[in-house]
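Residue numbers (the working numbering), protein chains in the order written: chain A, 183 to 578; chain B, 183 to 578; chain C, 183 to 578; chain D, 183 to 578.
Think of the hints as simulated: they come from the structure by calculation, not from any bench. Since the model is a prediction, treat every value here as computed from it, not as a measurement. There may be inaccurate statements among the hints.
Looking from chain A toward chain B, a few residues come up when the C-beta cut is under 10 Å (computed) [said to hold, decoys possible]:
hint: 1; residue: Arg184
hint: 2; residue: Leu190
hint: 3; residue: Thr191
hint: 4; residue: Ala197
hint: 5; residue: Gly370
hint: 6; residue: Gly380
hint: 7; residue: Met381
hint: 8; residue: Phe405
hint: 9; residue: Val406
hint: 10; residue: Asp431
hint: 11; residue: Leu472
Note that beta-carbon positions come from the ideal geometry of N, C-alpha and C, so glycine has one too.
Protein chains: 4
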Amino acid sequence: MRDPSFTLTAGPTAATPRTLQALGQPIIFDYDPVFLEKFRELERKVGELMRSSDDIVLMQGEAVLGLEAAARALTCPGMKALNLVSGVYAAWFGDWLREYGAEVVEVRVPYDEAVDADDVRRALDEHPDVELVAVVQSETPSGIHNPVGDIAPLVRDAGALLLVDAVSALGCEEVLVDEWGIDVCVAGPQKCLAGPPGMSLMSISTAAWEAMERNPNAPRGSFVSLLDWKHGWVDSDRTKFLYTPSVVDVNGVDSVVDQVLDEGLDTCIARHQTAARAVRAGVQAMGLELWARREAYAAGCVTAIRVPEGIGRADALAHIRDRYGVMLSGGYGELADKVFRIGHMGPAADSLNPVVAVSALGRGLKDLGADVRIGDGVEATLEVIGEAAERTVSAA
Amino acid sequence: MRDPSFTLTAGPTAATPRTLQALGQPIIFDYDPVFLEKFRELERKVGELMRSSDDIVLMQGEAVLGLEAAARALTCPGMKALNLVSGVYAAWFGDWLREYGAEVVEVRVPYDEAVDADDVRRALDEHPDVELVAVVQSETPSGIHNPVGDIAPLVRDAGALLLVDAVSALGCEEVLVDEWGIDVCVAGPQKCLAGPPGMSLMSISTAAWEAMERNPNAPRGSFVSLLDWKHGWVDSDRTKFLYTPSVVDVNGVDSVVDQVLDEGLDTCIARHQTAARAVRAGVQAMGLELWARREAYAAGCVTAIRVPEGIGRADALAHIRDRYGVMLSGGYGELADKVFRIGHMGPAADSLNPVVAVSALGRGLKDLGADVRIGDGVEATLEVIGEAAERTVSAA
Amino acid sequence: MRDPSFTLTAGPTAATPRTLQALGQPIIFDYDPVFLEKFRELERKVGELMRSSDDIVLMQGEAVLGLEAAARALTCPGMKALNLVSGVYAAWFGDWLREYGAEVVEVRVPYDEAVDADDVRRALDEHPDVELVAVVQSETPSGIHNPVGDIAPLVRDAGALLLVDAVSALGCEEVLVDEWGIDVCVAGPQKCLAGPPGMSLMSISTAAWEAMERNPNAPRGSFVSLLDWKHGWVDSDRTKFLYTPSVVDVNGVDSVVDQVLDEGLDTCIARHQTAARAVRAGVQAMGLELWARREAYAAGCVTAIRVPEGIGRADALAHIRDRYGVMLSGGYGELADKVFRIGHMGPAADSLNPVVAVSALGRGLKDLGADVRIGDGVEATLEVIGEAAERTVSAA
Amino acid sequence: MRDPSFTLTAGPTAATPRTLQALGQPIIFDYDPVFLEKFRELERKVGELMRSSDDIVLMQGEAVLGLEAAARALTCPGMKALNLVSGVYAAWFGDWLREYGAEVVEVRVPYDEAVDADDVRRALDEHPDVELVAVVQSETPSGIHNPVGDIAPLVRDAGALLLVDAVSALGCEEVLVDEWGIDVCVAGPQKCLAGPPGMSLMSISTAAWEAMERNPNAPRGSFVSLLDWKHGWVDSDRTKFLYTPSVVDVNGVDSVVDQVLDEGLDTCIARHQTAARAVRAGVQAMGLELWARREAYAAGCVTAIRVPEGIGRADALAHIRDRYGVMLSGGYGELADKVFRIGHMGPAADSLNPVVAVSALGRGLKDLGADVRIGDGVEATLEVIGEAAERTVSAA
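So here's chain A without its partners, still in its complex pose (with noise of 0.2 Å):
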């Protein structure tokens, strides 16, 4: 089978050609001079990028393994944290937190619904003895944002922790890190900066170390251990690395990194939403139904739509992929295929990417049998990415 003309998915999604050449670039030591000053300074712009002037720590392993090891290093037995859930990640967060030992609370929405700060805030009321809340700003599997813009000076004013999944939401949207008080946030890049997906990106409190410390089972001398990071690269003179580096991921992270600065975040993050609200409102005229139950719920990154009657997920992504060589994808979890996912990451949020996009879920769900107005999507999809370039041009 070919590979795909198309990969306009929930991530992994398409590169650039810069990114792919950085990835391509030749592999040299870790520990020479050009990687060490590379990785150091990668860490600087990873900070520049979440707006922190906090730590930051770049694991090895994609994001999956920065959310345990922050839920394993902060979470002692006994303690009381408040999980908000609308989604399936924090779902699987809270599965972490109890298992670690936590007493959870939960602000519960239906997951086609964002996460409510004043249900935040009448929890933190009713447990002033909370010390981490945790939350997922853009929940991939659903397409659904959450206002941590919002929640974070509640948590601060509660003296709690508060722990970011910024996975999806870094590139698409605001993350700021010293302005909100974000104690741990943990990014992907394989999403918005549609890098690699082999590597964790996060930025790390004092705060956040402190209860690390304190906390007795927090992880030492293992992979899944942010103290070891601590110990044995943040506090020392980082030039001894716990393990080996992935210096491939490390020159690709590099290179996203670098193309969105060049860039401009603002530039980045408005671009996302340029081609988010494009979908939408694409999908919308087509006569498909968002997922997200308002669109002030929707995420930049991918667009959630709800899987008409009397299609299949699995088949109608198949014929799309066969048929028209376009790669999208289906839902997650227990939404797998309640959802189709258009992703709107990086390069797929480019251009006309996004009338790609919903001309082969349009004309992929017609030839099954759907009844739907691919003209008046792609029209629609138009519409918005014609405004937003011509106000750009005003603008300018």
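Chain A is fixed; fit chains B, C and D onto it per the hints.
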């Protein structure tokens, strides 16, 4: 600072152009049918390289992850384990075994010697209740090779599980999983395969799986869990990843495995052994001293050389890198300043790369005042390479 | 300014990742045995693509070089040549014939029509002393396809040499050198093969060689000399290049030829024809007018569309490029401002690239005030693509 | 057969990873604004490398095309030209001059010597009506360097045009177009720039343009026409290409020019000179004989070495390539079997590549029975490299 012209290190090591192109190929979705098929096929091919018909697990994270995962999964509190220690890595592995609750018996030799199979026999006779034997086939930090082929039958006879760290052995030494009865074999792509340093390549026997299943302490629901792989991937239909695999690393590893299979594993091993002999001949003819007390102990992947009196290890390496554009390695762990290491892995084992390594080391040391006979060294190096080439031609 | 996201032009056109990797492979010496073998093998494969058992000549320089070389080599002062003119390139070729001293007879049609074989028959009847007939199979500047398959037998019957400019025909139309009796066939890698624009791919019959040998004016000792190739390469042992071949271009052309052979030439042609039909359907459904007076005249490589009243060609293309990141082509030569051209060559003929082209052109023109029905256009485009995919699946 | 591990030839030569990435970047349309801008900017940068404020012309086709184009454009029947011949290429250039009708006067020296400026002075005194002087600055076939800096003022004083073949001189010798008053300078990217072998880089003075305009025989309407470039590109708004430029070659040349400018042209030249001295020292210390009668004649790009008695040139090169994976060059033209050539151009002039070249040649010859002292050779090579590195550090 510019990139080095030659990376002749202990790994990560220089990759071939074909590998770099594989790393730079388009990133596709992990659930794209092309990727799923490639991943499953890679498992088959890794098994072929390991001469294994057991289950193959391809974890994301450099080999230290696979080793930790194996140690955790196999170690029950109170069990007795025999750890064969001839170097830094084996000693570290023992720390894990102890941390996870094992009673650890050791066969230990100085780090410039290899483990002797007779000592292993004696230890197993003395401790018939040993359930697990761990051995590092090739100690990268010191370039020492242990005779796993001699040790394995003893372990099998003793009824214990055999765990082999073959990280830097695969590709330059025989690693015969089925024939030797290795229960857990862990290899890495960034050594003799000359691939990207981001994965653990593992072979797991049925007996090992059973031991893990019986072990209440074996991690579950974790990035370091082998049982997750068993339940979620190996025992299922291999269509649902446990986490996003690193598409880029998989592409790179797939390529290097193909390259070794195209070359022929035996040819690949012979090529590494020739390069190792050439470097050993060269450094000795220059008047330097091998770390390995006997050449029979010396590994095929890297050659460790004692740092001459009066020379600073770090200064010498920096000098060689700055002046000559050649990156060599120092020691590691407690051997850090005692040895230089020349890597002859992957393309660094080809052609006249050993001459470059010997010349660079020789000239660098001479610049710093050491008494080395560079010309003799290069001639000796070339003699080994030339004779091997002659034999190859004669044999063909 | 950033690179375009989509290059859907009249050539050079977007290349596949595989092609880009071939272009980026190490540069080796032209007399390296690997390169010499590759070069000779490429000749064989180009012959396979052209369905030719004649000698193949791979000149360095884009196809205009090959065409000039052929015109110079074959034209004797005073000879009579029949030039079939349905576009800009054929007219230019006639200028060469005249400059080199031929008496040129023409069959000429308006540039939005194809040459009619009956007219050729009449011309040959009227001028039985014609020694050379020249025809452009596919007029890239206007997207007009001439029926070389119908014309060739007439030329053969007339005893004249047939020179075919198949630059943009190879890969999207049948080009049957042996069966049709083409004496000189010139193709280019940068059109439907989607390769680098730096070579002339030529097939030369024995009769053509003989004519060149007889021609005192045929260049010798020159970069434009075909006879040099005959004497120095074809007739010798093919071990001495006439000048340094472009190793990089050869690598790229070798790759694209392999890709077409892997796909199957017939499949490749069908794919291009589908894309062409899809684009024609789309632009017409949008309310735009094809340049080709009849669809039967339209080429498989590019589709030329009349610039609507009141729209500036250059402004529109710049607008589409700036706002939407899509590069389309204008006309060429005297047609420069009369048409837009959408290229559907190589990967641009795959998947939903025609939808991108139609959407971009439609939206761009709408922005500038034209009355276009984008939705209808996209639906019509998808209908052609969808039906072709359906037929392919049914046939399989 | 596998690719060579080292390409240390007379060109095309090994490229840097950065160059390969530039060659592998996406192919875009030649009229894309990004490409047009890059092309014009490349002209400016080539002028910078040549220290030229004259017009730059970037023809597609390796430098032999540019040389033929210049010879044709400048030669009027009956004019008198002075050709300075110290090697194969100069002799060939004289053949062109004669073929196009010039009366050719020669200063000729044996091919292992350089032209003497005093001889040129005498010739110009004797032939005051010489209108054109042609000189090859660096005779790649024999590694001989001619003192163009000494010759140029004589030509200027004589009122003749000066044409310099700087194909393999640019990047390893000073080429000062403005200061020396070179009227036509032709360079190639595949020598010391280590780029793709597909372009002619030319600088043309006003006087040279005027001479071409006056010359009725100067080609017009041809791939070899410089006047076409003048009228269609240089004198117009540089928006219409004469033919499709090789986007890929331009990308590659742009990159190598950038790399030299980043390094600094003087540093680049010094690096080549060091490598040349190192190789000369090495081969002589081994007991081999330079082709150049005096070291002062020896070029910076390649070193020619006399084939020892009893050794077959082709056999030796094939042996070295087969056994050691190193590709060296033989001679060229009438020198084909008289010399070996070691290229030290681009990255082959970096780091310890000269050691590889000397070792490979030495060992290969020894295998074939020659009496060579490899160790002495390598030590001498390293001595030159080491001293140069020491001086560089001291100077910094």
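How the hints compare with the structure:
{"no.": "1", "hint": "Arg184", "verdict": "holds (7 Å)"}
{"no.": "2", "hint": "Leu190", "verdict": "holds (9 Å)"}
{"no.": "3", "hint": "Thr191", "verdict": "holds (4 Å)"}
{"no.": "4", "hint": "Ala197", "verdict": "holds (5 Å)"}
{"no.": "5", "hint": "Gly370", "verdict": "holds (8 Å)"}
{"no.": "6", "hint": "Gly380", "verdict": "holds (4 Å)"}
{"no.": "7", "hint": "Met381", "verdict": "holds (9 Å)"}
{"no.": "8", "hint": "Phe405", "verdict": "holds (5 Å)"}
{"no.": "9", "hint": "Val406", "verdict": "holds (6 Å)"}
{"no.": "10", "hint": "Asp431", "verdict": "holds (6 Å)"}
{"no.": "11", "hint": "Leu472", "verdict": "violated (22 Å)"}
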